[in-house]
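Peer 1: Next come the chains, spelled out residue by residue.
Protein chains: 2
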Amino acid sequence: MEIISRTRIVDLLKREDFGAMVNVKGWVRTRRGSKKVNFIALNDGSTINNVQLVVDLGEFDEELLKKITTGACISVNGVLTESMGKGQNAEIQVKEIEVLGVCDSSFPLQKKGHSLEFLREIAHLRPRTNTFGAVFRIRHNMAYAIHKYFHDRGFFYFHTPLITGSDAEGAGEMFQVTTLDLNNVPKDENGKINYKEDFFGKEANLTVSGQLEGELAATALGAIYTFGPTFRAENSNTPRHLAEFWMIEPEVAFNDNNDNMNLAEDFIKYCVQWALDNCMDDLKFLNEHFDKGLIERLQGVVKVEFKRATYTEGIKVLEEAVAKGHKFEFPVYWGADLASEHERFLVEEHYKRPVIMTDYPKEIKAFYMKQNEDGKTVRGMDVLFPKIGEIIGGSEREVDYDTLMQRVEENHIPLKDMWWYLDTRKYGSCPHSGFGLGFERLLLFVTGMSNIRDVIPFPRTPNNADF
Amino acid sequence: MEIISRTRIVDLLKREDFGAMVNVKGWVRTRRGSKKVNFIALNDGSTINNVQLVVDLGEFDEELLKKITTGACISVNGVLTESMGKGQNAEIQVKEIEVLGVCDSSFPLQKKGHSLEFLREIAHLRPRTNTFGAVFRIRHNMAYAIHKYFHDRGFFYFHTPLITGSDAEGAGEMFQVTTLDLNNVPKDENGKINYKEDFFGKEANLTVSGQLEGELAATALGAIYTFGPTFRAENSNTPRHLAEFWMIEPEVAFNDNNDNMNLAEDFIKYCVQWALDNCMDDLKFLNEHFDKGLIERLQGVVKVEFKRATYTEGIKVLEEAVAKGHKFEFPVYWGADLASEHERFLVEEHYKRPVIMTDYPKEIKAFYMKQNEDGKTVRGMDVLFPKIGEIIGGSEREVDYDTLMQRVEENHIPLKDMWWYLDTRKYGSCPHSGFGLGFERLLLFVTGMSNIRDVIPFPRTPNNADF
Chain A
1 MEIISRTRIV DLLKREDFGA MVNVKGWVRT RRGSKKVNFI ALNDGSTINN VQLVVDLGEF
61 DEELLKKITT GACISVNGVL TESMGKGQNA EIQVKEIEVL GVCDSSFPLQ KKGHSLEFLR
121 EIAHLRPRTN TFGAVFRIRH NMAYAIHKYF HDRGFFYFHT PLITGSDAEG AGEMFQVTTL
181 DLNNVPKDEN GKINYKEDFF GKEANLTVSG QLEGELAATA LGAIYTFGPT FRAENSNTPR
241 HLAEFWMIEP EVAFNDNNDN MNLAEDFIKY CVQWALDNCM DDLKFLNEHF DKGLIERLQG
301 VVKVEFKRAT YTEGIKVLEE AVAKGHKFEF PVYWGADLAS EHERFLVEEH YKRPVIMTDY
361 PKEIKAFYMK QNEDGKTVRG MDVLFPKIGE IIGGSEREVD YDTLMQRVEE NHIPLKDMWW
421 YLDTRKYGSC PHSGFGLGFE RLLLFVTGMS NIRDVIPFPR TPNNADF
Chain B
1 MEIISRTRIV DLLKREDFGA MVNVKGWVRT RRGSKKVNFI ALNDGSTINN VQLVVDLGEF
61 DEELLKKITT GACISVNGVL TESMGKGQNA EIQVKEIEVL GVCDSSFPLQ KKGHSLEFLR
121 EIAHLRPRTN TFGAVFRIRH NMAYAIHKYF HDRGFFYFHT PLITGSDAEG AGEMFQVTTL
181 DLNNVPKDEN GKINYKEDFF GKEANLTVSG QLEGELAATA LGAIYTFGPT FRAENSNTPR
241 HLAEFWMIEP EVAFNDNNDN MNLAEDFIKY CVQWALDNCM DDLKFLNEHF DKGLIERLQG
301 VVKVEFKRAT YTEGIKVLEE AVAKGHKFEF PVYWGADLAS EHERFLVEEH YKRPVIMTDY
361 PKEIKAFYMK QNEDGKTVRG MDVLFPKIGE IIGGSEREVD YDTLMQRVEE NHIPLKDMWW
421 YLDTRKYGSC PHSGFGLGFE RLLLFVTGMS NIRDVIPFPR TPNNADF
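First to last, the protein sequences are chains A and B.
Each residue of the first sequence is one higher than the one before, starting from 1 at the first, in UniProt numbering.
Each residue of the second sequence is one higher than the one before, starting from 1 at the first, in UniProt numbering.
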């Protein structure tokens, strides 16, 4: 076969130099046609769009043609031709074919229309489908948009540790990391586990948040963000929970909670706009097949100004709705944590736009949030989105050493794990704020998928760590 | 204090609108001067450069001035003034000062010239030093350059899992991830650990490489890269080993080993050029204080064409050196794994440029590398760098199912863990290649630091998981 440098299909479909000899390589999605001419839809992952290969059967060996089945990998030389059909401009009149890898009938993606549940069982092959190709290209684009957003604004990407010796936040159940032999756990003279024999010389866990280390960095480098894996050993088998997920946590010295809200709104609009500008082919597919309101919802979010309301105002709205006869599953009262149904009512029914809710009761928020003068509320802020509910949670941080210590004690946080964090409030303490965005939550919103297991390549959930 | 919007010091030092009222916020690095006038060097982390604050002592309250000590956080309003001294163009004639956070004499960074060893013990504060500010700004820039390089070339960032149920590569010791109660490990009727009670229903570990999952993605999306944390439970207390480090692994469908080498060379030159173009202030500091040859070495690498040589040629060069009397600690013979001393001899003494070494004996390389026709060697390629030795390792992958199966058996790799990987060779197998770059190895090269614990914020090593 003549050697012609390969063109990716995403680039090929934009070309108009019809008559040129081109090479494409990819996987056969479908093959159809008559006894004389066949049409092969070829995909190489660079785009959701296939290129159509037109094959004059008389010019090729029958044994070769037999190998061109769904899933087979082929390399093709041919003439770039203006397409007469609708859809693409360009197709290829095939001159030479090489089969790089055959694919027999046991290939699980033979036919279209597999359920998402079935595709999760073959997560190693699902990136070859239209749906997951689209989702993972969008995932890439969202990650890139995040890095670009922060870099362009002078933030530094900061790698907080995954393995940690301190459970400072105490945010739920953690995974333990160990090199001890579980068949024969070493004990000390008191019958307690002898962690001196473990790799780190003490008990170690997988992190639930990089925020505390991020604060260390922000109070030195000014503005930082983390973007890394985070872990929760929660035994929750729901469409919204993963044991391993990715989180973005910006933290900015000298930002107050108002700056923090401005950053959050600007940031998330930038990400959604990036998807609209760079992923439209994939979004159109997902809009058509999974969520007819998707593109309209994305366009809506970037257009409107987010509503800012205090928790107290939000509770009042919800209480009025209850008074008017609206039924919620969970009770509404000042002091209650908002459930997803409450958040979605405020966003979808009442304000009809994303809401940034602020000034929550201190009892339902983390110890490190800055207390307001009322002694009851803290400068937390959550961004609530249509369909998703809470997509971002953040706050201005408590910077006063004594107030913070009091909260540490009220929350029974082991002080020996916290000395390094408290040092930031001792040595040149400064106002600062930050927030966390669950990357997969953002992806649920941007792709319109409804199960979080379908927006991460290899989901980790109770009883599942396959691949 | 009058509210003036804050200017970051990196931006302020570029301004020339002398006479303007400005606000800066940051941490006091030094304070010196006479009884009448003091000069404060203020840093806000946005750059290694401090801005000089000129304070007429007579205009400020004594109690306030007492609080302006090394490490204190202050906010300053003043007039941007052309600097008469050497160094910066701009300084600030201070009009108002607010102390945001005091810093008493127990602050460990009072004086300059702490050892790197000591600074590791206060890793939570070391980002406030010139050295670690520089290192972590460069770390950010290298991460950004990597994402930009791949994004601009149509690669998709792919998140491979951290927690894995398979130890397919068998690359050294792994950390176990568990929610079992180590005080009371559940056993089954045969006295074996009952992993059905563990979170994932089976034994789970932290990943040592995302390559195998990356290959799944490349054979669907075309060109992908991973960039995430990776773990080794090796009990090695050396300046080159970390238990938790970050790795970049691109994988490209239809690339042969030659394309792979071209990609590796172009990629690493791009990263180094990015540092030269974007981090010169930080590089100059590190060049002056840690490694006088740093900038010259970086400029050298981007200028020269890397030498490409086979392992067999490399061994011949080393054998000739031995014959001429050169002493190596480890023996040189065809079939031996190259030690760092051998790699550095080839790069620094013989070829005097980076070397891409190819076609290694199959016995010393991983099972997935494509075999050459000679039956003895595989299409691996390592990029060897001055000072560092191996910085990149990669290969063209074996795509033939039977040949791969034979290597799987020779290497005693548990087949039940491998079925999903082998499927890529069954269903539309395609030529593909990739490589791995240890992010901290790259940073050692680019920063000139000599201990890997000094290029990651919170190093994890045997007996150390602090912060």
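No lab work stands behind these hints, which were simulated from the structure alone.
Backbone N, C-alpha and C define an ideal beta-carbon position, used for all residues, glycine too.
Heads up, some of the hints might be wrong.
List time: in silico EDC-like cross-link candidates among lysine to aspartate or glutamate, alpha-carbon distance up to 16 Å [to be verified]:
#1 A:K202 / B:D466
#2 A:K187 / B:D104
#3 B:K202 / A:D466
#4 B:K66 / B:D104
#5 A:K426 / B:D181
A short, non-exhaustive set of chain A residues, derived as facing chain B with CB atoms under 7 Å [said to hold, decoys possible]:
#6 V177
#7 G428
#8 D466
Peer 1: State the violated hints by number, sorted upward, taking the hints as numbered earlier in the document.
Peer 2: 2, 5
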